[in-house]
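4 protein chains.
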Amino acid sequence: MVNKIKLGMVGGGTGAFIGAVHRIAARMDDKYEFIAGCLSSTPEKSIISANEINLDLNRCYPDFKTMAEEEAKREDGIEVVSIVTPNHMHADPAITFLKKGIHVICDKPMTSTLDDALSLYRSVKENKALFLITHNYTGYPLVREMKSIVKSGELGKIRSVRGSYLQGWLGSKEEDTGSNKQAEWRTDPKRSGIAGGVGDIGSHTLHLIEFITGIKLLSVAADLTTFVKGRKLDDDASILLRMENGVKGSISISQIAIGEENNLSISIYGEKGSLKWSQENPNQAELHKVGHHKQILTRASFSISKDSFANVRIPPGHPEGYLEAFAQLYSDFAELIRNSKNKDKIKKILPNEEDGLHIMKFINSCVNSSNQNSRWINLNS
Amino acid sequence: MVNKIKLGMVGGGTGAFIGAVHRIAARMDDKYEFIAGCLSSTPEKSIISANEINLDLNRCYPDFKTMAEEEAKREDGIEVVSIVTPNHMHADPAITFLKKGIHVICDKPMTSTLDDALSLYRSVKENKALFLITHNYTGYPLVREMKSIVKSGELGKIRSVRGSYLQGWLGSKEEDTGSNKQAEWRTDPKRSGIAGGVGDIGSHTLHLIEFITGIKLLSVAADLTTFVKGRKLDDDASILLRMENGVKGSISISQIAIGEENNLSISIYGEKGSLKWSQENPNQAELHKVGHHKQILTRASFSISKDSFANVRIPPGHPEGYLEAFAQLYSDFAELIRNSKNKDKIKKILPNEEDGLHIMKFINSCVNSSNQNSRWINLNS
Amino acid sequence: MVNKIKLGMVGGGTGAFIGAVHRIAARMDDKYEFIAGCLSSTPEKSIISANEINLDLNRCYPDFKTMAEEEAKREDGIEVVSIVTPNHMHADPAITFLKKGIHVICDKPMTSTLDDALSLYRSVKENKALFLITHNYTGYPLVREMKSIVKSGELGKIRSVRGSYLQGWLGSKEEDTGSNKQAEWRTDPKRSGIAGGVGDIGSHTLHLIEFITGIKLLSVAADLTTFVKGRKLDDDASILLRMENGVKGSISISQIAIGEENNLSISIYGEKGSLKWSQENPNQAELHKVGHHKQILTRASFSISKDSFANVRIPPGHPEGYLEAFAQLYSDFAELIRNSKNKDKIKKILPNEEDGLHIMKFINSCVNSSNQNSRWINLNS
Amino acid sequence: MVNKIKLGMVGGGTGAFIGAVHRIAARMDDKYEFIAGCLSSTPEKSIISANEINLDLNRCYPDFKTMAEEEAKREDGIEVVSIVTPNHMHADPAITFLKKGIHVICDKPMTSTLDDALSLYRSVKENKALFLITHNYTGYPLVREMKSIVKSGELGKIRSVRGSYLQGWLGSKEEDTGSNKQAEWRTDPKRSGIAGGVGDIGSHTLHLIEFITGIKLLSVAADLTTFVKGRKLDDDASILLRMENGVKGSISISQIAIGEENNLSISIYGEKGSLKWSQENPNQAELHKVGHHKQILTRASFSISKDSFANVRIPPGHPEGYLEAFAQLYSDFAELIRNSKNKDKIKKILPNEEDGLHIMKFINSCVNSSNQNSRWINLNS
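So the sequences go chain by chain: A, B, C and D.
Heads up: take any position in the first sequence, counting from 1, add 133, and you land on the numbering used here.
Heads up: take any position in the second sequence, counting from 1, add 133, and you land on the numbering used here.
Heads up: take any position in the third sequence, counting from 1, add 133, and you land on the numbering used here.
Heads up: take any position in the fourth sequence, counting from 1, add 133, and you land on the numbering used here.
Isolated chain A, as found in the complex:
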């Protein structure tokens, strides 16, 4: 019998979306207990938020610094903290907790600026505490299965990749309605950073392509557009990709694609086969191999590789979804923290500070390219 891991949270108060998701994810596999938090931007709101979710008010803090200070002192203090604030409020708390030796689970993208990302990156390197960035789509069993198939060489050398993440929720000026907190901060350069859709969902799309293929992006040529009048950040983008090993590709991003909900789709084409997956029906993937009929892989079914469904909870045909995929990251991170036998294997697939920083470079390069009439920008220039 192993004790549960003690978890705290910064952000995630009343009206937030992703904080509640993190808490369900932490509960799903029963490896964490959530015991401390600084949930909102003011001490008063934090108390209200804490009360709503039954958090012990003695462990409800007015600011993240006090929280880090106090929790670090306690014998029963938190071992890990989830940072689920808007992007501009990731770096400071994350660094503060890392310095106290408290592991950090950080929402994506890593920060709102590349400078902040570099600071946080260095802080992770300088401290012993562990760092997880929640590129949650990597927790889907079939996404991991696809990674494993590519690695096995079944597709041959990868040639081209195509990804898209299409939403329609920002099709009109939601940020001005006064009732949509999500829209407000995600379209605000001060809180979100220099990119809108590209930062919010383009980041996931590229990360997923790199996760599955194991191949890194080298340069981008991007055309970002703001379709909704008066909006300050991009809400639609088309991006050309040049990756390592001569891999080519493209990404389509939109928040103004009326009728789309969370249509994230990835296709990977190699010399000998291809793979396709779509988040809105995540329990299956398509595998084509030269000389064979198209095959439909299903979650948890017989021939799925061991690594992919280690933590699959229910039999094939019973759908798992977004929350279970998110929970997978929490569950795996718990194994790292508890120093479990398979931690080396897990470490290789969990998104970390390298991913966080790389994705920030991608975001910045897209904006730079678009500002220079879509010329090719090298991520490391």
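Don't read these hints as lab results, they were simulated from the structure.
Hints are supplied without guarantee of correctness; some may be wrong.
Pairs count within a copy or across copies, as identical chains cannot be separated in the list.
Below, computed lysine-lysine pairings styled on DSSO-like, alpha-carbon distance capped at 30 Å [as the list claims (entries may be wrong)]:
1) Lys206 with Lys137
2) Lys290 with Lys422
3) Lys362 with Lys405
4) Lys323 with Lys178
5) Lys478 with Lys137
6) Lys306 with Lys405
7) Lys422 with Lys405
8) Lys290 with Lys306
9) Lys480 with Lys349
10) Lys284 with Lys362
On the provided structure of chain A, position chains B, C and D as indicated by the hints.
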């Protein structure tokens, strides 16, 4: 701030499937704490099982009677117990806990025999404790939405219904492999009852049809078959339905449909429209209305009725699945127990002892009809 | 170079549906020339109809008897005639032409009564002219591929079959609107026969199941319903099947399933695998084999067996449809008539008088069973 | 009664693909008779080809010039000719026949070089004969329905468009196998032109986007790749689009996308709604409108606009496909030739020399952009 509901469990030890599902379902929305159990068939196994899932060994009991006795005495005793044993072990523990005033969440079908079902039914009526039977597919948001659409009259008078639940996992004699506990008890008349597939998944299919339409089955003509040699219970069935108000229909059930995973599908046809839904892609449903194009309803999207997504956890396009639907029943039952404001509304949709008994009559009638060369059998004869 | 086959037609005048389909089917592969006809029920209408479609008025006859007489006399007379009248007008013209040595292509079902079917059946046997009944769905390449897969034994012994053909076009009393000729005769017992939906589309469904599996139906238990008030024939049916070799199954038929267009779907389950196909997306089929992922077969793709795509016209991914499948029967029948090398192979798969008579027994047995409270009726009793 | 239009063909001999398609398309609706041809590159092969398809050898010509000369002289000479040769052999015959007053149906792309396209364009303008370029996907009923919906304003102002045409048939060096004529000429710059995949299928994709939206492309930024070693033309491309009215978009093209057959998909996003369509399942389209559920439009169903299904041949739910769509262009062109009442309406939607020339500029601009490291190229610069 409200305290969590104290939950115990009978069954659900090592190697079981549905017990783990119940525990995740109870955790999902943070309304329960799981604190006591009698998890396996022997005291020794129960201790091992309890240890595996971090259950306090002081609240791990050697048998359900002791558990009911002891927990009822404690001030901090459990308020509700989940019965997740094979069918023949539902009635005794359920009645025992009900008598102690402890609410019961009971897996389906209600019992292994109609006599037991009647006893349990009477016990629920005689005691004040609440009773929930986990027809978990009724927890899917779009299933509830369909119920609401039918009720609104949008489809006009219902004419015909078609349901199927097709699995392939028992396509060969899994119960003899020695490694499949599920297959063993589900094909064993002593533990499962007089029906195999019809009891296990036919029960869900009919319940779902009745749940959505609000129309009850009157009689069946059934042809049950055991395709796998040596098996003692049906593994495939085709069933004709005659329901109230002249509604006709049919159900197809199979556990030997090679390649099928958990393909549960329902179609409802009325004079003015129709609805279709399939469990393997549960976040959408099809609505046809005379004079209109086919419409695709998606979970949590704008025009979904209030009742259906009260507890929807994430935005449209992010898939929820089987566990979330299961959790919905736990969450709603918690509202009943806590006597919440909307308990009357909730009471109307939660599966209860009436459903449990009715479904047992359906199972028995199918077997009787099949034994009499598929002649029509009235459920209440 | 081979001359085109000279084709005549009985029925198919202005306002008819299936006559135009037959003519396109005959033209598709350029093996027929359409040169004579008796297109409508009166000489005047026949002339108008002939004129509309550019038929030489010298070969436009006032009645089928004159047509048979005259065409048989001519050196350049028709070699084959298509009978595309309502069911009650199949037997007489077909027998008349057969006696003249003119091959007959007959629409389904074979006739409106079992007696007529027997007379026509005998006439085919007594004459040398060839007979084709247009169970057109057997012309789909993937339907033929499925037949070939079942025959190869890949699925093992067949256990169960499920078919459905759901339409919604008769959801209200279309036959009374005065503008729907199809609805008028298909719901009229005098012209259609003793069955409505079962005769019109149930016939196709059963035939397709038998075509694919090579297994014949032995007995049925059926529940036929007329949902639309005042209609004289069934518009909805659920049918249990018992077939040779212990195969079980069921069929669902409806013309009042609001929102359905021509949803004809077939599933075949064997001991080692299964197949599924649906007419509304006919260029693919699903193949499951024990121990393998689901496979998607596509029309004309690499590993499809030779027989199935002999006459496939365009590459995979370019959809073929209903007209191409219909044309396949015409094309194959031309090979029979022209005595081509592969005529023996073709003969085995073209629907003929045996199919026609057997399906008439199926229709009659369904009605008899339903009239006797769904008791099992042997087709040959 | 109207006589059939007399049709000739240049190209389309043994081993060709598209010639046979054109002939089926011409036959489908019975408006043409095919009576003359110059089918292959040498007189001998032409005779063999003519014999194979029953063409009168007296109307089988050794070269297109003789054919134009002779047919123009005859009273019963051809009225229209289909040019179905490889791209480099479009301009010369087309111009020759146009000068003789014979209408021309020309396969796409218009020519192999921009110069040739300009010559042909001028020739069409200078002569009275009609010109059709077979962008056959515009013949699909739902594609026309989408055009009509966009025009009606239902989607509001169009914002972004996304198209892709993915094939896998050139995934390895098919052009060297000696058995694939299609692969040979389509990868040969002398016969195909300066582009491979972009010319062959990129051309269709852009044309379809412009056809549906009525909005023209202004400039492109393209990244073309040749993945198969030794191939001379692009086999994969990602292209950014800037169109009139501030519309943005992207196109993905591939002939090396293993597992893809003819996956042509188009999405159109406006301020108030969106449309999606995919060629591999062409009998349906998705329509989203703000504040409404997703709607599935089906071919020939009740509310489809008049113009779209004027020539739809069979009821909804019975699939039509590639050949029917192709036939639609032939059928409509016949109406133009016959000067029918609705010719003005038809003229507006049939692809013509303007489309042909514009698409040639698109192809050239893509290659130019790619050669200049993807910089934006204006189509008219």
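Evaluated hints:
1. Lys206 with Lys137: both (19 Å within a copy, 28 Å between copies)
2. Lys290 with Lys422: both (13 Å within a copy, 29 Å between copies)
3. Lys362 with Lys405: between (46 Å within a copy, 15 Å between copies)
4. Lys323 with Lys178: within (21 Å within a copy, 57 Å between copies)
5. Lys478 with Lys137: within (22 Å within a copy, 37 Å between copies)
6. Lys306 with Lys405: Cα proximity of Lys306 and Lys405: across copies only (13 Å, versus 45 Å in one copy).
7. Lys422 with Lys405: Both: 6 Å inside a copy, 23 Å across copies.
8. Lys290 with Lys306: between (44 Å within a copy, 16 Å between copies)
9. Lys480 with Lys349: Within. Shortest intra-copy distance 18 Å satisfies the 30 Å Cα cut-off; inter-copy 50 Å does not.
10. Lys284 with Lys362: between (45 Å within a copy, 23 Å between copies)
The structure meets every hint from the earlier list without exception.
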